Structures are given as C-alpha cells and as structure tokens.
Amino acid sequence: MAAVFAPNTHVGAEDLPVYDPRVESALDLLQTSPATDQLRAVLDASHVDVRFIPMAPGVYARYSVARHVIEIDERWTETDEITLAAVIAHEATHAQDAVSGYLASGGASACIDSEVRAFRTSALFWIAQYGPGGKLGVSNELDRQLNSIADRQLHDQQGLEALVRQTYSQQCSH
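Residue numbers (the numbering used here): 2 to 175.
FYI, nobody ran anything at the bench for these hints, they're computed from the structure.
These numbers were taken from a predicted model, which means no experiment stands behind them.
Think of the CB as a built atom: it goes at the ideal place given N, C-alpha and C, for glycine as much as any other residue.
Some hints here could point you the wrong way.
Restraint ranges, calculated between C-beta atoms of paired labels, are given here [to be verified]:
| hint | residue 1 | residue 2 | range |
| --- | --- | --- | --- |
| 1 | SER110 | VAL19 | 17 to 27 angstroms |
| 2 | ARG68 | GLY138 | 31 to 41 angstroms |
| 3 | GLN171 | VAL19 | 31 to 41 angstroms |
| 4 | SER174 | THR33 | 14 to 24 angstroms |
| 5 | LEU155 | GLN32 | 18 to 28 angstroms |
| 6 | GLY107 | PRO22 | 16 to 26 angstroms |
| 7 | VAL139 | LEU164 | 16 to 26 angstroms |
| 8 | GLY107 | SER140 | 15 to 25 angstroms |
| 9 | PRO55 | GLY160 | 27 to 37 angstroms |
| 10 | ALA163 | HIS48 | 16 to 26 angstroms |
| 11 | ALA163 | ASP21 | 17 to 27 angstroms |
| 12 | SER174 | ALA129 | 14 to 24 angstroms |
| 13 | PRO22 | MET56 | 17 to 27 angstroms |
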C-alpha cells in the first residue's frame with residue numbers, strides 16, 4: 002500500500018461513480034447512521050467503485066487501494082441492504098484510511114489499526130440498525146459474524162481489538 006491518494010474536493014454529479022441499485026440503497030442507508038454518514042462522501046470524492054465478484058471461500062469483501070474499488074463476494078448479491086451496508090462500511094473505512102494517507106504512512110501498524118476501525122465502524126452501524134440484541138433470525142454466516150462483532154463492540158471492546166489484531170497480524174505484515 003505504497004500509494005497516497007488525496008480526495009478530490011470538487012466532485013460534480015457527472016464525476017460520481019454509478020453504482021448497482023443494491024449498492025446505491027446500501028450507501029443511502031449508511032448516510033442515516035452517525036458512525037457511517039461520512040463514508041458515502043469519501044467513496045464519491047475518491048471515485049471508489051463498489052462491485053460484486055467471485056471470491057475465494059472465507060473472503061467476504063476487500064478494498065483495493067491501487068484500483069479504488071470495493072469488491073464484495075458475489076454470493077452476497079441477494080443479501081438484505083443492511084447487511085450489505087455493514088460490509089460496505091467496513092471496506093469504506095479502509096478507503097477512508099487510504100485516501101487520508103494513513104495506510105501509506107503507517108506500515109503494518111496502520112493496516113491493523115485500520116482493520117480495528119473497520120470492524121468497529123461496521124459494528125456501530127449494525128447496532129444502530131438492530132439494537133444491542135443484533136439481527137434476529139440470522140440465516141447466514143455473514144449475519145452471524147456481524148452479530149458477533151457488534152456484541153463484542155458492546156460488551157468487550159478490548160477483546161474485539163485483540164481478536165482483530167491477532168487475526169490480521171500476518172496479513173498486515175506483508
């Protein structure tokens with residue numbers, strides 16, 4: 002993550018990315034939560050695309066600094082807009098960290114800190130949507146994971162941070 006990107010402060014409507022309608026709905030939803038209301042502007046100003054693609058098992062989504070794109074596993078194309086918005090919130094937090102120059106300047110430590118922030122941001126959005134009990138009647142692994150992360154954010158923030166740091170330490174060291 003060696004490149005530094007500065008946000009474009011003059012974005013006209015003709016310059017904005019065109020999103021899939023499902024993504025557009027999820028982005029609109031992000032604007033309703035204090036934890037995520039700034040993320041749409043970051044994506045728009047930085048011309049970050051959001052698209053669905055096939056991904057390896059266990060990978061739900063990723064942000065590419067070099068390509069300015071959030072890629073979401075195509076198996077989540079039919080998920081509800083709140084779940085999709087939570088995934089975008091996580092990845093858009095990485096985009097925000099990249100655009101600000103934070104990721105480029107901080108090495109492995111910045112990478113891990115960005116993961117902690119991304120998990121917290123998606124958890125705060127999830128809690129704002131579903132309350133402290135989380136989503137009821139979950140039917141897939143992504144919703145279960147989002148419920149678990151939100152629960153840790155509410156009841157064990159240090160534990161959440163430790164788990165994220167442990168999980169991403171190897172990935173962020175490359």
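Quick rundown of the hints versus the structure:
One distance hint, 17 to 27 angstroms for the beta-carbon pair SER110 and VAL19, is violated here, with the actual separation near 36 angstroms. Range check, ARG68 to GLY138: Cβ separation about 36 angstroms, and the 31 to 41 angstroms hint holds. Separated by about 36 angstroms at the C-beta atoms, GLN171 and VAL19 satisfy the suggested range of 31 to 41 angstroms. For the hinted restraint 14 to 24 angstroms between SER174 and THR33, the CB-CB distance of approximately 37 angstroms leaves it violated.
The beta-carbon spacing between LEU155 and GLN32, approximately 23 angstroms, falls within the hinted interval of 18 to 28 angstroms. Look at GLY107 against PRO22: about 36 angstroms separates their beta carbons, and that is not inside 16 to 26 angstroms. In this structure the hint that VAL139 and LEU164 lie 16 to 26 angstroms apart at CB holds, the actual value being about 20 angstroms. Between GLY107 and SER140 the beta carbons are some 38 angstroms apart, a value that contradicts the proposed interval 15 to 25 angstroms.
Evaluation of the 27 to 37 angstroms hint for PRO55 and GLY160 yields a pass: the beta carbon distance comes to about 33 angstroms. For ALA163 and HIS48, the hinted distance range of 16 to 26 angstroms is not satisfied, since their beta carbons lie about 35 angstroms from each other. Distance hint check: the CB atoms of ALA163 and ASP21 are about 36 angstroms apart, inconsistent with the given range 17 to 27 angstroms. Taken as a hint, the range 14 to 24 angstroms is violated for the pair SER174 and ALA129, whose Cβ atoms sit roughly 33 angstroms apart.
Roughly 21 angstroms separates the CB atoms of PRO22 and MET56, a value that falls within the hinted 17 to 27 angstroms.
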